[in-house]
Structures are given as structure tokens and as C-alpha cells.
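Protein sequences, first through last, are from chains A and B.
Using the numbering used here, you'd call the opening residue of the first sequence number 1 and step up by one each time.
Using the numbering used here, you'd call the opening residue of the second sequence number 1 and step up by one each time.
These are computed hints drawn from the structure, not numbers from a lab.
There may be inaccurate statements among the hints.
Treat identical chains as interchangeable: a pair holds within one or across any two.
Below are the SDA-like pairs computed for lysine to any residue, each with C-alpha atoms no more than 25 Å apart in a straight line [unchecked claim]:
1. 116 to 3
2. 108 to 39
3. 116 to 76
4. 116 to 73
5. 33 to 105
6. 116 to 72
7. 69 to 116
8. 116 to 4
9. 69 to 28
10. 24 to 36
11. 116 to 82
12. 69 to 102
13. 33 to 76
14. 116 to 89
15. 116 to 68
16. 24 to 64
17. 116 to 74
Number of protein chains: 2
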Amino acid sequence: MTDLNMIARNYIAAWNESDAARRKALLDAAFTKDVSYRDPVMQGDGHDGVAALIDGVQQRFAGFRFSLKGVPDGFADRIRFSWNLGPEGTESVIEGTDIGIIEDGRLKSVTGFLDKVPVQ
Amino acid sequence: MTDLNMIARNYIAAWNESDAARRKALLDAAFTKDVSYRDPVMQGDGHDGVAALIDGVQQRFAGFRFSLKGVPDGFADRIRFSWNLGPEGTESVIEGTDIGIIEDGRLKSVTGFLDKVPVQ
Chain A
1 MTDLNMIARN YIAAWNESDA ARRKALLDAA FTKDVSYRDP VMQGDGHDGV
51 AALIDGVQQR FAGFRFSLKG VPDGFADRIR FSWNLGPEGT ESVIEGTDIG
101 IIEDGRLKSV TGFLDKVPVQ
Chain B
1 MTDLNMIARN YIAAWNESDA ARRKALLDAA FTKDVSYRDP VMQGDGHDGV
51 AALIDGVQQR FAGFRFSLKG VPDGFADRIR FSWNLGPEGT ESVIEGTDIG
101 IIEDGRLKSV TGFLDKVPVQ
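Starting from the given sequences, assemble the full structure and let the hints guide the process.
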């Protein structure tokens, strides 16, 4: 059985993990090898591609943490979950919603949308 | 240029159209021939498949109308829009969000999620 909560938790944990070895294990748990990631500002493929995106976000938003917002939902091979990003313990600065396609219990593709962005 | 609003409007109009000929024109405008539609309760492929889903919803929810909720957003070949369904002029009974992949200005795939469902 596909555990939507586990997939979403591994996903969020990977985005928060700055240690390469620990993150590799989370990427292995969350994504198929050929995962495709697309959102309005970046895209990457495979575990290395996603890891590079995570590195970029961690550098740009130093000290920020991702957290799950609400409860993941899904059906068949589809999942949807929302997230917050911001300094720990304060109101989120950025919020988004990701839609994924699951294969063998892992994310094969992720499409991200932004729900809240900072005023420019 | 892909017109996200036009795609979403054609989509909603098709779901509200009970005349087969008029709906065919809306399906042609909104979907590629090989469109794939998936949501938590139904799935269909191609214009005929989607038309059958629409017929089913119109029979089940006679008198209800779909309307766009908010403004469609998107990037690259992805679109997201939300909708309301209910008797015209009253609060919506069902709400959902659809994510699509666009090809040549039409929806090639649609993944639907439910945001509000009636209490059982």
C-alpha cells in the first residue's frame, strides 16, 4: 500500500536535509531514480538533479525550514500535499502545493505550484 | 502563447454543456485528442471518454453548475485551476482543483483533486 504521509514526510525531510549522506537516503526513499521535478522557478531530473535544487534553495533561504501544511491526499497513483517555508517558529514566508505521480511507492514526477509568495 | 484563462474557461464550459454538438466544439478547443482524465472517483480518455464522464456528472448532479474559483495559474506546460459545483446562485456543494499538462494550447492530461465534499 502506498503511504501518502510517508512519501510527503520523506519529501519534506529531504528538502530540509543539508547533510549529503542523510539526504541521499531520503531521496532514495522518496523518489524513483528517474524522477522529474518542475515548478514555476526551477526544474531538475533524477536524484542528483533534485539534490542540486535543494542545495540552491538552502543557500538562497538560509535558516528557513519546510513543513507540511495539512494532510496529504491522493488517489490511484496521484498525491497532493501543501507545504510552508520560513524561519522556524514564525509565520511562513512561502507556501506551495505539490502534485506527484507515484510509482512503486515513490515519486516519479512532481509538479509544484506556489500558493503564497513574498511581496516584491 | 498559451492562454491559461481560455483553457480553464473552455474546460468549465464543456462540463456545463449538455448539448452534444456544442460540447464537442468545447472539447475540441480544450483537450488534445488523446487527453487522459483522472480524479478520485472517475477516469476517462479521449474526447468521447471525457464526454461520458460529463454526461454522468450532469445526470448525478442535475441542475448543478460548475464555475471557476479564483484565477488559473501555471508555468511552462502546467496549469492549475479550482472550481465550484452547486446549484446556481447558492453556495457550492463540491469544490475541487485540477492540474493539467498542456500540449499545443490544449489539455493533454488532467488530474483532479477534491477540496470540499458534502458531509455523508
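Hints, verified against the model:
1. 116 to 3: between (27 Å within a copy, 22 Å between copies)
2. 108 to 39: both (15 Å within a copy, 18 Å between copies)
3. 116 to 76: between (28 Å within a copy, 19 Å between copies)
4. 116 to 73: both (20 Å within a copy, 12 Å between copies)
5. 33 to 105: Cα proximity of residue 33 and residue 105: one copy only (12 Å, versus 30 Å across).
6. 116 to 72: Answer is both: 18 Å inside a copy and 14 Å across each meet the 25 Å cutoff.
7. 69 to 116: Answer is both; intra-copy 12 Å and inter-copy 17 Å each pass.
8. 116 to 4: Intra 23 Å, inter 19 Å, cutoff 25 Å: intra and inter.
9. 69 to 28: Within one copy, since 23 Å is at most 25 Å while 37 Å is not.
10. 24 to 36: within (16 Å within a copy, 34 Å between copies)
11. 116 to 82: both (11 Å within a copy, 16 Å between copies)
12. 69 to 102: within (20 Å within a copy, 28 Å between copies)
13. 33 to 76: both (21 Å within a copy, 23 Å between copies)
14. 116 to 89: Close inside one copy (18 Å), not across copies (29 Å); limit 25 Å.
15. 116 to 68: both (14 Å within a copy, 20 Å between copies)
16. 24 to 64: within (20 Å within a copy, 49 Å between copies)
17. 116 to 74: Answer is both; intra-copy 22 Å and inter-copy 14 Å each pass.
In this structure, none of the earlier numbered hints is contradicted; all agree with it.
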